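Enquirer: Construct the entire structure; sequences and hints are all you get.
Number of protein chains: 2
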Amino acid sequence: MGVQEHRSLLKDIGVDVDRHAKMMEMGLESYKAQFMTQKNRPEAMKYFDWFMSEMQGQRIAEINELRKNKKPAIGAFCIFVPEEIIVGSGGACFGLCGGSPATIADAETELPRNICPLIKSAHGFKLQKTCAYTQSSDFIYGETTCEAKKKTWEILNKHHPVKVMNIPHMKREKDLKLWKEELFEFKEHIESITGEKLSLEQMKKGTKIVNEKREALQRLDRLRSMNKDVIPISGKDGLFVTQMGFLDDPVRYTKKVNELCDELEKRVEEKISVFEEDTPRLMVLGTPFAPPNWKLHTAVETSGGAIVNEESCIGHRYYKDNVNLDDVNNEDELMQKLLDKYSAVDCACFTPNAPRIDKILQMYKDRQANGVIYYTLSFCHTYNVEAHLVTQALEKEGIPCLVIESDYSPEDAGQIKTRVEAFLESINFKKEAAAFKKKQN
Amino acid sequence: MGVQEHRSLLKDIGVDVDRHAKMMEMGLESYKAQFMTQKNRPEAMKYFDWFMSEMQGQRIAEINELRKNKKPAIGAFCIFVPEEIIVGSGGACFGLCGGSPATIADAETELPRNICPLIKSAHGFKLQKTCAYTQSSDFIYGETTCEAKKKTWEILNKHHPVKVMNIPHMKREKDLKLWKEELFEFKEHIESITGEKLSLEQMKKGTKIVNEKREALQRLDRLRSMNKDVIPISGKDGLFVTQMGFLDDPVRYTKKVNELCDELEKRVEEKISVFEEDTPRLMVLGTPFAPPNWKLHTAVETSGGAIVNEESCIGHRYYKDNVNLDDVNNEDELMQKLLDKYSAVDCACFTPNAPRIDKILQMYKDRQANGVIYYTLSFCHTYNVEAHLVTQALEKEGIPCLVIESDYSPEDAGQIKTRVEAFLESINFKKEAAAFKKKQN
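These protein sequences, in sequence, are chains A and B. The numbers in full-length UniProt numbering rise by one with no breaks, and the one at position 57 of the first sequence is 57. The numbers in full-length UniProt numbering rise by one with no breaks, and the one at position 421 of the second sequence is 421.
Since the hints were derived computationally from the structure, they do not count as laboratory data. Model, not experiment: these values are computed from the prediction. Don't take each hint at face value.
Because identical chains cannot be distinguished in the list, a pair is counted as satisfied if it fits within a single copy or across any two copies.
[Unchecked claim] With a straight-line Cα cutoff of 27 Å, these simulated DSS-like cross-link-like pairs (lysine-lysine) come out:
(1) K177 <-> K341
(2) K158 <-> K396
(3) K341 <-> K174
(4) K163 <-> K174
(5) K163 <-> K177
(6) K171 <-> K158
(7) K180 <-> K163
(8) K255 <-> K39
(9) K204 <-> K337
(10) K417 <-> K365
(11) K129 <-> K396
(12) K163 <-> K359
(13) K177 <-> K46
(14) K158 <-> K417
(15) K177 <-> K337
(16) K337 <-> K174
Expert: Written out as structure tokens, the structure is:
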């Protein structure tokens with residue numbers, strides 16, 4: 001409905017409205033089937049259900065209202081994009097569509113088949129003109145975190161303005177120094193849209209808004225994962241809320257996430273869980289789930305497991321660190337603090353990336369999880385190769401781990417479910433054996 | 001035989017001698033079948049036939065003799081490794097084994113299946129201890145040109161010392177500045193092996209030696225490709241000679257390549273071609289062919305085509321530029337000239353990489369070729385994605401182009417041959433049509 005209402009706007013920004021309407025309809029149906037059928041969902045999820053229906057409707061209208069006032073609208077595919085600067089300028093930063101198999105065939109007219117489905121999907125959305133976010137963006141802010149993206153920008157740039165942020169391979173002091181220059185350059189890009197100098201106060205305000213968003217997500221993460229006996233919200237809902245954080249207005253979103261957290265807090269107190277007792281608690285590691293890629297979560301949570309945390313970029317990696325605004329008295333100091341935050345991101349694109357392994361082991365301990373799934377999108381070399389070192393470390397600690405590589409096609413859903421079921425069975429067996437042993441002693 | 005003779009040395013450097021001997025035997029048989037059966041080979045190929053048999057025998061003995069005298073032996077997988085510095089120090093720089101399917105199953109115990117076969121093969125050689133070059137190397141000098149390699153170094157480093165050169169994503173002035181620092185750092189690594197300061201004169205001498213090697217290869221390239229009516233050497237032999245340039249002693253090698261060129265020059269004068277008249281002349285673009293990966297060349301040259309040039313890293317990209325030693329009066333000036341040469345390499349790892357396309361079009365024109373094959377190793381995202389822009393440019397110029405993606409398995413050899421045959425047929429058809437049209441006018 002949201003889409004219908006905004007049909008003329010969508011047309012104005014170049015959306016192929018008929019095709020778009022059909023895709024949104026399918027997306028909504030899939031959402032209803034996978035989300036609305038869950039039992040005992042928190043009341044506060046209603047907002048996110050509404051947002052789902054207005055994701056490419058009212059939210060697009062809001063973004064284009066900003067644009068009318070010369071505020072920037074920047075599309076991104078990576079959590080390295082400094083949204084603080086965009087929000088500070090009064091604009092909108094959003095993740096572009098890239099989670100659907102429906103655009104991949106089109107993308108493959110220009111891209112190889114054997115690269116990451118996220119990149120292909122996103123490229124296909126531009127070729128099809130079926131993503132209202134892509135169509136609304138002043139430019140796409142690409143980066144060099146993976147080579148398939150790095151090279152795709154050269155092609156995508158023929159269809160839409162793309163600027164590229166140079167994220168280094170390493171985190172030596174000299175690499176970070178260049179990275180900091182990218183932040184200054186990005187600020188200039190933003191100023192070229194608004195036609196105004198962005199002040200320190202504006203950027204600090206933007207940072208504060210994004211910090212608050214991240215704090216709300218950290219709170220949600222704790223509520224999802226830190227109470228051993230209660231899981232007050234499904235992993236799928238948790239993921240969906242996180243996904244929407246890349247699209248929604250940050251102030252409204254933060255408010256709504258906090259309202260959800262208030263409700264979840266009560267649930268924890270009252271021990272209201274959406275899963276049965278003793279449901280195995282799984283952590284998911286690896287690459288991001290862009291909506292509507294809910295395949296793994298659906299497989300796990302319809303097989304007797306619960307996902308309590310995503311270590312992914314659409315997940316913990318995105319919100320784990322905040323920008324410290326103490327003692328920030330000038331632009332250079334602010335940029336340094338932004339850099340401190342962003343360079344703490346433990347993306348597999350860096351070499352070496354050992355802190356990621358330490359973090360994962362600590363997260364696992366803190367969450368008292370029962371196993372992990374290492375998930376990679378197909379052909380994502382960095383996370384795929386790094387899987388060896390991560391799973392080796394997990395094995396050493398006796399942590400059960402299932403490695404899944406998948407794309408967006410529905411074809412492997414059955415196979416994934418079978419593998420997840422077997423994995424959950426082995427976890428349950430271990431839990432029972434441990435309980436039995438404890439009883440014996 | 002060469003291998004048997006040096007059995008105790010191979011054992012000393014940790015080679016699995018039995019397995020190694022078996023592999024070398026198979027490699028030699030394959031070489032005999034694919035190379036020695038060619039008709040009318042130049043006499044001067046005898047040296048390279050001999051080198052093939054001593055590749056992991058006498059050459060390894062020579063390298064280990066250098067090592068006894070504290071000269072560095074550095075293994076590499078990329079033409080960005082500044083061999084001038086190694087040669088200047090009196091040491092040896094060599095490409096490591098990475099062209100065989102025989103080691104891939106072992107590599108896949110630690111690496112994903114869907115990454116480039118070159119990386120897997122090389123990693124497997126280390127796990128199997130069946131590459132005498134790897135075993136002889138003081139350290140492997142890795143780089144960040146592709147993410148699968150970048151991440152594999154972290155794993156390979158557990159089995160063999162690896163140092164990593166940070167090759168930037170872009171070629172802006174500030175990126176090049178950091179790259180230059182990598183050259184200085186590399187020099188320090190070399191000095192830490194010799195225990196001595198490397199002088200400017202030594203480095204200039206090393207550069208001169210490598211310049212002469214590149215000049216000999218440029219000469220070979222011209223003789224192979226620049227005479228429209230005569231192809232005095234097969235593409236397979238041309239490729240093999242180039243491949244050996246990554247292993248042999250550079251001074252001896254240069255001499256032998258020039259002897260070959262003398263013979264080829266005579267052949268050109270006397271119009272002695274190893275192919276029939278009107279054989280379609282193909283250029284190959286893309287990723288390198290590491291020995292014993294001769295699959296594509298064999299397919300083309302047993303199907304009525306000739307390969308006159310490889311644009312690859314084991315090919316034109318390697319030797320196209322020399323280091324200008326004019327006005328080099330201090331170390332900084334030398335490093336700058338080295339950087340100028342290396343940063344002129346148009347690897348698909350860079351973004352943007354437009355000069356590569358201009359170069360390809362010019363090369364095609366200069367060589368009066370009849371078509372190109374864009375060859376990529378499977379899962380090589382950079383060359384694979386860049387193929388779109390390259391083939392688009394070729395199409396615009398009406399240049400026939402066949403895109404082939406392949407790994408090291410023999411399984412697709414038949415399919416490749418069929419596709420090559422069809423491609424050659426279409427080229428012949430076009431040539432005949434053009435000739436007919438010319439006749440009509």
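Enquirer: Check K341 against K174 for me: Cα-Cα at most 27 Å, and say if that holds within a copy, between copies, both or neither.
Expert: This pair counts as both: shortest intra-copy Cα distance 17 Å, inter-copy 23 Å.
Enquirer: With identical chains, the pair K417 and K365 could be close in the same copy or across copies; at 27 Å between alpha carbons, which is it: within, between, both, or neither?
Expert: within (26 Å within a copy, 55 Å between copies)
Enquirer: State whether the alpha carbon distance between K158 and K396 is at most 27 Å within one copy, between copies, both, or neither.
Expert: between (48 Å within a copy, 16 Å between copies)
Enquirer: Taking 27 Å as the upper bound on the Cα-Cα distance, should K177 and K337 be classified as within, between, both, or neither?
Expert: both (13 Å within a copy, 25 Å between copies)
Enquirer: Is the C-alpha distance from K171 to K158 at most 27 Å within one copy, between copies, in both cases, or in neither?
Expert: between (32 Å within a copy, 21 Å between copies)
Enquirer: When no copy is named, should K158 and K417 be tagged within, between, both, or neither for a Cα gap of at most 27 Å?
Expert: neither (40 Å within a copy, 35 Å between copies)
Enquirer: Up to 27 Å between alpha-carbons, please classify K163 paired with K177: within, between, both or neither.
Expert: So K163 and K177 pass the 27 Å test inside a copy (20 Å) and across (22 Å) alike.
Enquirer: With identical chains, the pair K337 and K174 could be close in the same copy or across copies; at 27 Å between alpha carbons, which is it: within, between, both, or neither?
Expert: both (16 Å within a copy, 22 Å between copies)
Enquirer: At most 27 Å between C-alpha atoms: does K204 with K337 qualify within a copy, between copies, both, or neither?
Expert: within (11 Å within a copy, 45 Å between copies)
Enquirer: Can you tell me if K163 and K359 fall within 27 Å by alpha carbon in one copy, between copies, both or neither?
Expert: between (32 Å within a copy, 25 Å between copies)
Enquirer: Given identical chains, is K180 near K163, meaning Cα to Cα at most 27 Å, within a copy, between copies, both, or neither?
Expert: both (16 Å within a copy, 26 Å between copies)
Enquirer: As a check of your reading, is K255 near K39 (CA-CA no more than 27 Å) within one copy, between copies, both or neither?
Expert: within (24 Å within a copy, 79 Å between copies)
Checked against the numbered hints given earlier, this structure breaks hints 13 and 14; the rest are met.
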